[in-house]
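The letter at position 137 of the sequence shown is residue 137 when you use the numbering used here, and the numbering goes up by one with no holes.
Calculated directly from the structure, the hints in this document are not laboratory data.
Hints may contain errors.
Keeping only pairs whose Cα atoms sit at most 25 angstroms apart, straight-line, the calculated PhoX-like set for lysine-lysine is [unchecked claim]: (1) K100 with K186; (2) K100 with K163; (3) K170 with K266; (4) K163 with K129; (5) K163 with K104; (6) K129 with K104; (7) K160 with K209; (8) K266 with K160; (9) K186 with K163; (10) K160 with K100; (11) K100 with K129; (12) K266 with K209.
The calculated label-pair distances, taken between Cβ atoms and stated as ranges, are [to be verified]: (13) T197 with G246: 20 to 28 angstroms; (14) S34 with I148: 20 to 28 angstroms; (15) S167 with V250: 39 to 47 angstroms; (16) Q180 with P262: 47 to 55 angstroms; (17) I64 with V138: 18 to 26 angstroms; (18) D248 with T197: 28 to 36 angstroms.
The C-beta atom is built at its ideal place from N, Cα and C for all residues, glycine as well.
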Amino acid sequence: MQIFINEEPVDIVIEEEKTIGDVLAGIDAWLTGSENQISGLRINDESICLSTMTEAFERTLEHIDSLNITVSTWDSIAVEALLNSQEALSGYTASSFDDKAQIKNVWEESAAASFLSEHIPDIFVLLTKTLSSEANPVEMAQVIDERIREFTDTSSEIRKLGKLISSLTKQLEELPLDIQTAQDRKVAETVSIFSLTVDKLLRLIRILKMQNINIMENVLIDNQSFSLFIENFTALLGEFLAAYEGKDVVSLGDLAEYELAPRLLKLYTAMGNIIL
1 MQIFINEEPV DIVIEEEKTI GDVLAGIDAW LTGSENQISG LRINDESICL
51 STMTEAFERT LEHIDSLNIT VSTWDSIAVE ALLNSQEALS GYTASSFDDK
101 AQIKNVWEES AAASFLSEHI PDIFVLLTKT LSSEANPVEM AQVIDERIRE
151 FTDTSSEIRK LGKLISSLTK QLEELPLDIQ TAQDRKVAET VSIFSLTVDK
201 LLRLIRILKM QNINIMENVL IDNQSFSLFI ENFTALLGEF LAAYEGKDVV
251 SLGDLAEYEL APRLLKLYTA MGNIIL
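Based on the sequences and whatever the hints tell you, model everything.
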């Protein structure tokens, strides 16, 4: 049996592997940590779709002449899944009532839905609700567009956050006063915007690591490695959200003003320097 990866022959010695699933498991383990993963499969020039993937995994290696495996970067698979889901959403929006259920069912069985379910679950949940008429399709389309831009134009997405980060830093510094003056709505808004902004920053950081992993390893913030700074920052974020949920207003204000506000600005500045 000949094995190809991205159309190139590879010298893989079959030892104890008995099924296609065994072979793919070995290759998947080899890819672990590389930000690459298996994205397609052909057996004897027959393309395998998601609906027959489980059956294909169980096939024994006898009578198989060639196994052609497609390996793609994680971000390219993510973009393809988002684009496919965007297309499904467009079709759903434009379709008649009778056709909407079929479009939803087809999408839920697709490779795009499977990928999003495992790797970008918030989008999967939101899109499932949208295709069930439980969420606004226009807003869903805007969210998908934003996620695609994060992958395809990462630097621009980081730069666009500049004014928001500056404003949010001031809001965090002012949070103790807002708490003291019982401006509950403003406090809730600050916490929500901060949480959403950090989520976006962490997504962008992951993408930057894929694109500039050596640069990221050499960046120091407050004499800490980038990864250690992020670890400490996310731990403080957890404490902050726990304080909000537990109505611990003293800890909430202190964490916002003295810990998170300065760290948020330093993190964003470091990210800006990386994309220069």
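For each hint, the structure was consulted:
no.: 1; hint: K100 with K186; result: violated, 39 angstroms
no.: 2; hint: K100 with K163; result: violated, 40 angstroms
no.: 3; hint: K170 with K266; result: holds, 14 angstroms
no.: 4; hint: K163 with K129; result: violated, 32 angstroms
no.: 5; hint: K163 with K104; result: violated, 38 angstroms
no.: 6; hint: K129 with K104; result: holds, 10 angstroms
no.: 7; hint: K160 with K209; result: holds, 19 angstroms
no.: 8; hint: K266 with K160; result: holds, 16 angstroms
no.: 9; hint: K186 with K163; result: holds, 19 angstroms
no.: 10; hint: K160 with K100; result: violated, 36 angstroms
no.: 11; hint: K100 with K129; result: holds, 13 angstroms
no.: 12; hint: K266 with K209; result: holds, 18 angstroms
no.: 13; hint: T197 with G246: 20 to 28 angstroms; result: holds, 22 angstroms
no.: 14; hint: S34 with I148: 20 to 28 angstroms; result: holds, 23 angstroms
no.: 15; hint: S167 with V250: 39 to 47 angstroms; result: violated, 24 angstroms
no.: 16; hint: Q180 with P262: 47 to 55 angstroms; result: violated, 21 angstroms
no.: 17; hint: I64 with V138: 18 to 26 angstroms; result: violated, 47 angstroms
no.: 18; hint: D248 with T197: 28 to 36 angstroms; result: violated, 22 angstroms
Hints 1, 2, 4, 5, 10, 15, 16, 17 and 18 from the earlier list are contradicted by this structure; the remaining hints agree with it.
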